[in-house]
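J.: Spelled out from the first residue to the last, the chains are:
There are 2 protein chains.
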Amino acid sequence: MAPGSVGIVQTQYYTFAEPPHELELESGELLGPITLAYETYGQLNEDKSNAILICHALSGDAHVAGYHSPDDKKPGWWDDCVGPGKAFDTDKYFVICSNVIGGCKGSTGPSSINPKTNKPYGLSFPVVTIADMVNAQRHLIDYLGIEQLLTVVGGSMGGMQALQWAVAYPDRVRSAIPLATTARLSPQSIALNEVGRQAIYKDVHWNGGDYYDSEFRPHAGLSLARMIGHITFLSDTSMHEKFGRKLQYGDKYGYHFKTEFAVESYLQYHGDNFIRRFDANSYLYITKAMDYFDLANGYGSLARRFANVKAKFLVISFKSDWLFPSYQSKEIVSALMANGVDVTYCDIDSPYGHDAFLLEVDRLTDLMRDFLKNVFVKAERELVSL
Amino acid sequence: MAPGSVGIVQTQYYTFAEPPHELELESGELLGPITLAYETYGQLNEDKSNAILICHALSGDAHVAGYHSPDDKKPGWWDDCVGPGKAFDTDKYFVICSNVIGGCKGSTGPSSINPKTNKPYGLSFPVVTIADMVNAQRHLIDYLGIEQLLTVVGGSMGGMQALQWAVAYPDRVRSAIPLATTARLSPQSIALNEVGRQAIYKDVHWNGGDYYDSEFRPHAGLSLARMIGHITFLSDTSMHEKFGRKLQYGDKYGYHFKTEFAVESYLQYHGDNFIRRFDANSYLYITKAMDYFDLANGYGSLARRFANVKAKFLVISFKSDWLFPSYQSKEIVSALMANGVDVTYCDIDSPYGHDAFLLEVDRLTDLMRDFLKNVFVKAERELVSL
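Going down the list, the sequences are from chains A and B. Here numbering that gives the first Met the number 0 is used: the first residue of the first sequence is 0, the next is one more, and so on. Here numbering that gives the first Met the number 0 is used: the first residue of the second sequence is 0, the next is one more, and so on.
Simulated from the structure, these hints should not be mistaken for lab results. For every residue, glycine included, the Cβ atom is placed at its ideal position computed from N, Cα and C. Heads up, some of the hints might be wrong.
[Unchecked claim] If you anchor each label on the Cβ, the simulated ranges turn out as follows:
| hint | chain 1 | residue 1 | chain 2 | residue 2 | range |
| --- | --- | --- | --- | --- | --- |
| 1 | B | 7 | A | 329 | 47 to 57 Å |
| 2 | B | 333 | A | 249 | 22 to 32 Å |
| 3 | B | 209 | A | 271 | 19 to 29 Å |
| 4 | B | 251 | A | 21 | 16 to 26 Å |
[Stated by the list, open to error] Each computed DSS-like pair below joins lysine-lysine, with the alpha-carbon atoms no more than 30 Å apart:
| hint | chain 1 | residue 1 | chain 2 | residue 2 |
| --- | --- | --- | --- | --- |
| 5 | A | 329 | B | 251 |
| 6 | B | 309 | A | 257 |
| 7 | A | 329 | B | 245 |
| 8 | B | 104 | A | 257 |
| 9 | B | 309 | B | 329 |
| 10 | B | 245 | B | 318 |
| 11 | A | 245 | B | 329 |
| 12 | B | 309 | B | 377 |
| 13 | B | 104 | B | 73 |
| 14 | A | 318 | B | 318 |
| 15 | A | 104 | B | 257 |
| 16 | A | 104 | A | 115 |
| 17 | A | 251 | B | 329 |
| 18 | B | 241 | A | 329 |
| 19 | B | 72 | B | 91 |
| 20 | A | 329 | A | 309 |
| 21 | B | 257 | A | 118 |
| 22 | B | 104 | A | 318 |
| 23 | A | 318 | A | 241 |
| 24 | B | 318 | A | 245 |
| 25 | A | 377 | A | 329 |
| 26 | A | 241 | B | 318 |
| 27 | A | 115 | A | 91 |
| 28 | B | 257 | A | 115 |
| 29 | A | 73 | A | 115 |
| 30 | A | 245 | A | 73 |
| 31 | B | 115 | A | 257 |
| 32 | B | 72 | A | 241 |
| 33 | B | 73 | B | 241 |
| 34 | A | 318 | B | 245 |
| 35 | A | 104 | A | 118 |
| 36 | B | 115 | B | 91 |
| 37 | B | 241 | A | 318 |
| 38 | B | 91 | B | 104 |
| 39 | A | 329 | B | 318 |
Same shape as in the complex, but just chain A (with noise of 0.2 Å):
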């Protein structure tokens, strides 16, 4: 085990919104029960004030650090930011990460029993938004007695939440870390989400979502979202120095359609790989989730949206991100100062595309660290002047 890891942990539940006390979603649609799948790191110290909530990415989960068994060979998918003597650390810091709900680690999706009719809810589960995600999380923020998050982190969707959190919850939210997301998925990401759902659509096996008791799996489709998700995730620049036009075998070219560059031989094993650790349904809920996030929608612009926003704010974009490109970051930036709101913001020059909110582990910490400290001294010091 690495120094600095969290060590061994346990992913728990906490179930709520039992009937008739359903979650009402943004659709109108009744949700309950719902379970969540969450861990927590470090410590809640006994005035509560050090609460930090790590929101994942598409296909990330609950398990953001440490290990789950002796011989577990995989940390949890930020164990670089969080542990002792990290970027969020738990020798300071208490840390949650909930996997979300449509997902399919642990959270209610689409792959749970549906209690009315003791099968998956498959395609009958309801849409889900961003918020409706963050409306759950709030739940268990409840239910671990946490008046008022530290701060709100997450990259990506994560982000999104991060933002989403901000602007439901203002009282419950002293500071808030979005990195490399936007405030409104674009018509490029929605086109380059809807590929990756009609490739699972049209998979003979997805079989309009009911597939839990089949014996196949649309697996194909599933793989392909996730090939056209990880060139999305990379640069131009960055597959230049990671593939080149590199072959996988040889230095001839063979003139067949077996796997013959190095990055198709990439983007296969990550789609393979993916297919053992997603489920299809989630894939299309999470994206839809995604593309209905549009937080300026209904209030005219994105700086009215943020009208009542108490939280500071730490912005991070990167500069080869084209998923979520630096202006998008910005936009938010110009939004949260048009209301005065306490903001710094920074545009990473990194190669590594959209990926780098999780390969720019050292200049994030430095950024990060260094904008928490600041934010708990601050409520350490209005508490104590209560």
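With chain A held as given, fit chain B onto it using these hints.
T.: Chain B only, in chain A's frame:
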């Protein structure tokens, strides 16, 4: 019929490389007989100095301009640029375009009948390269009795052919106009092509390329490939302008998995349309030919590869093209200049992305018309002085 149209045109066919005189491909395989579908517009002048070869892109064909019948609603794919008074003025020039080998628009490709088996080639068709396409075109140019082409012009994969002509047949090309293209396919483009191919491979109706006798075709895979393609033809900016987050029906989110955003509808329309006019195996062969394209391969550098080039060049790129970004055209320009080649370069500030080479008609017409006029005047002078 619009003014400036070339009117009613007919596709013609030229067959060559009859066994035992097959064409030797880059792979070492032999292909023959080969039929090329082609069209011509305007008249070849007496000294045969006014011939222009237009090379088409991935999904193009020989039908560049005019109509196939009086009822034909849709003109050829570059009708805006070919006709009396247009960039390629058919009152002055003799314009030729042929469908590439490997294609499915009348030239020999995987859907053609293999005379040895009397069945469609399918995947037994040999893998072809851009150089092979150009070598086949050269036979057509020989047959038409043209010693030297006034220019070879094309966008995207058509531009690759223009570059290939200039290096493979330096004495037979007076000038070249590569538009929105590259001298070497990037790993990002290979990745995008590979996902398109995987969509076809994974389609249960593809059947290893053997589907011509079946009642089912790999339409699902081919339409997915095309949808990915259409995302790469547009730019983030042009998608904002063309669709934004506009809904296709009504003005409220539907919270379902049916078509909802205008951009989704656009992609589906183009995907569905494509399967009616294109062959899935041809898609595999042509994208593979693009993947292999790397002019510098075996020469140490692009500058060395261009050492024998005699043609004058007009290189055009588009600032918002992210499929073949401007830097790739600049690499071509630098390598040409290193050899003292007479090259004019223009990086057009268009929002239309890769599609700009088909849409920026006015700007292209100005540039290409003047360039051609100068090359033609010089050619005439040289021929008179002989």
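J.: Now, for every hint given, state plainly whether the structure supports it.
T.: Outcome of the hint check:
no.: 1; hint: B:7 to A:329: 47 to 57 Å; result: holds, 53 Å
no.: 2; hint: B:333 to A:249: 22 to 32 Å; result: holds, 30 Å
no.: 3; hint: B:209 to A:271: 19 to 29 Å; result: holds, 25 Å
no.: 4; hint: B:251 to A:21: 16 to 26 Å; result: holds, 22 Å
no.: 5; hint: A:329 to B:251; result: holds, 27 Å
no.: 6; hint: B:309 to A:257; result: violated, 38 Å
no.: 7; hint: A:329 to B:245; result: holds, 22 Å
no.: 8; hint: B:104 to A:257; result: holds, 26 Å
no.: 9; hint: B:309 to B:329; result: holds, 19 Å
no.: 10; hint: B:245 to B:318; result: holds, 25 Å
no.: 11; hint: A:245 to B:329; result: holds, 22 Å
no.: 12; hint: B:309 to B:377; result: holds, 14 Å
no.: 13; hint: B:104 to B:73; result: holds, 16 Å
no.: 14; hint: A:318 to B:318; result: holds, 17 Å
no.: 15; hint: A:104 to B:257; result: holds, 26 Å
no.: 16; hint: A:104 to A:115; result: holds, 21 Å
no.: 17; hint: A:251 to B:329; result: holds, 27 Å
no.: 18; hint: B:241 to A:329; result: holds, 22 Å
no.: 19; hint: B:72 to B:91; result: holds, 26 Å
no.: 20; hint: A:329 to A:309; result: holds, 19 Å
no.: 21; hint: B:257 to A:118; result: holds, 23 Å
no.: 22; hint: B:104 to A:318; result: violated, 42 Å
no.: 23; hint: A:318 to A:241; result: holds, 18 Å
no.: 24; hint: B:318 to A:245; result: holds, 27 Å
no.: 25; hint: A:377 to A:329; result: holds, 26 Å
no.: 26; hint: A:241 to B:318; result: holds, 25 Å
no.: 27; hint: A:115 to A:91; result: violated, 44 Å
no.: 28; hint: B:257 to A:115; result: holds, 25 Å
no.: 29; hint: A:73 to A:115; result: violated, 37 Å
no.: 30; hint: A:245 to A:73; result: holds, 28 Å
no.: 31; hint: B:115 to A:257; result: holds, 25 Å
no.: 32; hint: B:72 to A:241; result: violated, 47 Å
no.: 33; hint: B:73 to B:241; result: holds, 22 Å
no.: 34; hint: A:318 to B:245; result: holds, 27 Å
no.: 35; hint: A:104 to A:118; result: holds, 18 Å
no.: 36; hint: B:115 to B:91; result: violated, 44 Å
no.: 37; hint: B:241 to A:318; result: holds, 25 Å
no.: 38; hint: B:91 to B:104; result: holds, 28 Å
no.: 39; hint: A:329 to B:318; result: holds, 21 Å
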